[in-house]
Amino acid sequence: MTETPLLELRGINKSFGSVQALTDVDFEVGRGEVMALVGDNGAGKSTLVKCVAGTHAPDSGEILFDGAEVHIHTPRDAAQLGIEVVYQDLALCDNLDVVQNMYLGREAHDRFQRLKEPIMEQRTAETMKSLAVTTIKSIRQPVATLSGGQRQSVAVARAVMWNSKLVILDEPTAALGVAQTEQVLALVRRLAEQGLSVVIISHNLHDVFETAHRITVLRLGRNVGVFQRDKTTQQEVVQAITAGVPTKVSGIPATATAPV
Amino acid sequence: MTTADVEIVGQDKGPAPEEEQPAGLFGLLHRAAADIRSGNLGILPIVLALVFIVVFFSFEATNFFTAENFGNIIIQMAGTTMLAYGVVFVLLLGEIDLSISYVAGIGALAVAELQRPGTGHPGLSGLIAMPIAIVICALIGSAQGSIVAKIGVPSFVVTLAGFLIWQGVIVYRLAVPGSIIIQDRWINYTGSYYFSHVAGWLIAALVAGVYAATVLGGVIGKVRAGLPVQDRWAIAVKIAAVALGSFGIVAICNSASVQGTPLGLPLAAVIIVLFLVVLTFLAKRTTFGRHVYAVGGNAEAARRAGINVPRIRVLVFMISSVMAAIGGIILAANVNSVDTNFGGGTLLLDAISAAVIGGTSLFGGRGEVRNAFIGGAVIATVSNGLNTANYNPGTIYIVTGSILLLAVTLDTVARRLQVRSGR
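Order-wise, the sequence lines are chains C and W. 440 is the number that the numbering used here gives to position 158 of the first sequence; each next residue is one higher, with no gaps. 98 is the number that the numbering used here gives to position 90 of the second sequence; each next residue is one higher, with no gaps.
Okay, chain C solo, but in the shape it has when bound (with noise of 0.2 Å):
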C-alpha cells in the first residue's frame, strides 16, 4: 500500500495499574480496507479499539489519522474524526425505540432543543434502506423487541449513518445464528464497497476469512503479524494467535511476513 493508511498507530502501550495490555502496538488500516483484528482472550484488543475510541488514554504512543496525528480523549473525538465503534454488547438502550437509538446522544434539534422526530425518522428509514436492512417491521419498535441479528444490524447502521470513515465491530456475529451471522457479514462487505474502512475483531476465522482483506494478530498484547488474507491460511494464523512472536523492528511497523 503505497497511500497513507487511514488510521495508523505507533508503538502504543496502555497498562492497568501492574498488568500490561499494550505492548508497543503498531497497527493500521487501508481506506476501504476490512482490517481484522484476532487474537485469544486477553490479548488486548479490546484495549486497542478503546484507544481509538476514546475510552482508554494510552500511556504512551502516537495514533495518526488521515496522516495527520491526532489525539483522542473522549467518545465525541472519535466520533467528530469519523470513528464509530460498534461494541460486542452493542449499547443499545433496551427501552429506546429503533430511532431514538439511532440518534442516541447526537438527536436532531431545534435552538429549544427540541426533538426533529420527523427527519430522525426519515433518515434512519433512509439508512436501514441503503444499508438493505429489511428484517425490522417498525423503526419505531423498541430495541427489546428485536432478534440478535436486528439489534446488530441497528448499531451497525447507527454507526455508518454519521458519515464515518472508520467502523470498528467488536465481535459482530458473537452471538448470532448462521443466517444472520451471514446477513452480518455481507453488511461488513458492503460497507467496505462502499468505502468504508472496517476493523473487525472476532474471534471467528471463518468469518475474518470471510470478509477481511487483511489479518493483525495480537498475542499478549503485542502484534505478532499481519497476513493477507489472500496469501495466507486459517491454520497460519492460528499458530500466530496462540504461540506468534514479535516480529516487529523497531521503528519498521510488522509487515506481511509470515512468522515461522
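No lab work stands behind these hints, which were simulated from the structure alone. Errors might be hidden in some of the hints.
The following residues of chain W were derived to be distant from chain C, with all beta-carbon distances above 12 Å [as the list claims (entries may be wrong)]:
| id | residue |
| --- | --- |
| 1 | 60 |
| 2 | 290 |
| 3 | 405 |
Partial pick of chain C residues on the chain W-facing surface, computed with a CB cut under 8 Å [what the hints assert, rightly or not]:
| id | residue |
| --- | --- |
| 4 | 361 |
| 5 | 363 |
| 6 | 370 |
| 7 | 378 |
| 8 | 387 |
| 9 | 502 |
The beta-carbon is built from N, C-alpha and C at its ideal position, and this holds for glycine as well.
Using the hints, position chain W against chain C.
Same frame as chain C, now just chain W:
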C-alpha cells in the same frame, strides 16, 4: 419525498397493513384489545380503578359525589402530585429521592420566613418569596445530585441523609415559634384561588385548542416528511377526549358553591395541568428528556453515545427538588402555615406511590409524567373518600397500600405476558 421512498418493508404503521385491520372506530378498539391481550396495558387499569373508587364512594358517602368535593380533591391532590412529577424523573433514571418531603418542607419554610414581617421591615411579597424558595431548593437538589452523580454515593443514602437533615432544619427553626402563619395572599392563592366562571371556560378552551393544535401540527410535520401517521381515528378520539375533559372539569367546578358563594376552577387545577404539560414536553420532546430515558435504560450506552451522564443526573435531582418546593408551597398554602410536622406523615410515600401506581418503573427507563398525575388523583380520591365516608384513618393507609401493591403486581404480570408474547 414520497411515502414509498422511505417506507421499510413490512413497516407496521404504514398504509399497507391498514387493509388487514378493520378501519375506523372499530379498528381502534380492535387494536386496543390486541394491546391488552399482549400485556401492553398502559394506564387503562389504573383509570378503571379510579372510576371504581369514585363509584364506590358515591354510594358510601352522600357528600362525596358533589361539585364542591370535586374541587376539594383537586386542591388536595395538587401538592402531592407536584412532588410525584419530580419523582417520575428520578425513577426514570433508576434512582430514588427520599428527601423530597422535607425539601418540600424547606420550600414552605423559606416562603413562610420570607413573607413574615420582621422587626422594622415588611415581609417580602409572595411573588418574590416563592421564586427564592424554589432557587434554594434547586441548590439543595444540585448538591444532592452532585454527590450522587460525581462522587458515586448511592442516591438512596444521599437522599436519606437529606431526609434527616432537612427535617432537622425544619424542626430546629420552628422549635420556638412552633409554626409560622402565612398571610401573603399570593402564596395562599396557590391553595385557595378560584377563577371566575368566564375565566374557567377560557382556560378550558385554551387547553383544548393548544392540545389540538399541537397534535395536528405533529401530524402535518409527519405527512410533510412522508412518514406513516398514527391512525386518524385515534387522533380524533384523543383530541375529543381532552376537549371533553377540560370543559367537563370546568363545568363541574363552575357549578360548585359554598354557602351561596359560587366557586369556580381552582388555580391548583391549572398548576397541575400546566406542570403536566410542561414536564411531559420536557421528557418527550427535548434532547434532555431523551437523554434521561437513555441514561435510565442503559447508562453505559448513553455514556458511550457521548451523553454527559453526570450532568443529566444532577439536573434530574434539581427537577425533583424544585417540584418538591412547588408542592411544599401549595401544601403550606392549603393550611396557611408551616409547622414542625410539615413534610412528615405519608407525604414522601404518597408521592412515590403516586408515580409508581401510575405505572412508572422503579428500575429506570420506563414511565411518563402523566403516571404521576393519575396516581396522584387516585391517592387523593381514596383519602378524600375515606374521610368523607368517616372511615377510621387507618383504613386510608391500608387501602392505599393495597392499591399500590395491586397496581404494581398487575403491571409486573402484564409485563411477563408481554415478554412471552414476544413483544
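For each hint, the structure was consulted:
no., hint, verdict
1, 60, "holds (30 Å)"
2, 290, "violated (9 Å)"
3, 405, "holds (33 Å)"
4, 361, "holds (7 Å)"
5, 363, "violated (13 Å)"
6, 370, "violated (12 Å)"
7, 378, "holds (6 Å)"
8, 387, "holds (3 Å)"
9, 502, "violated (27 Å)"
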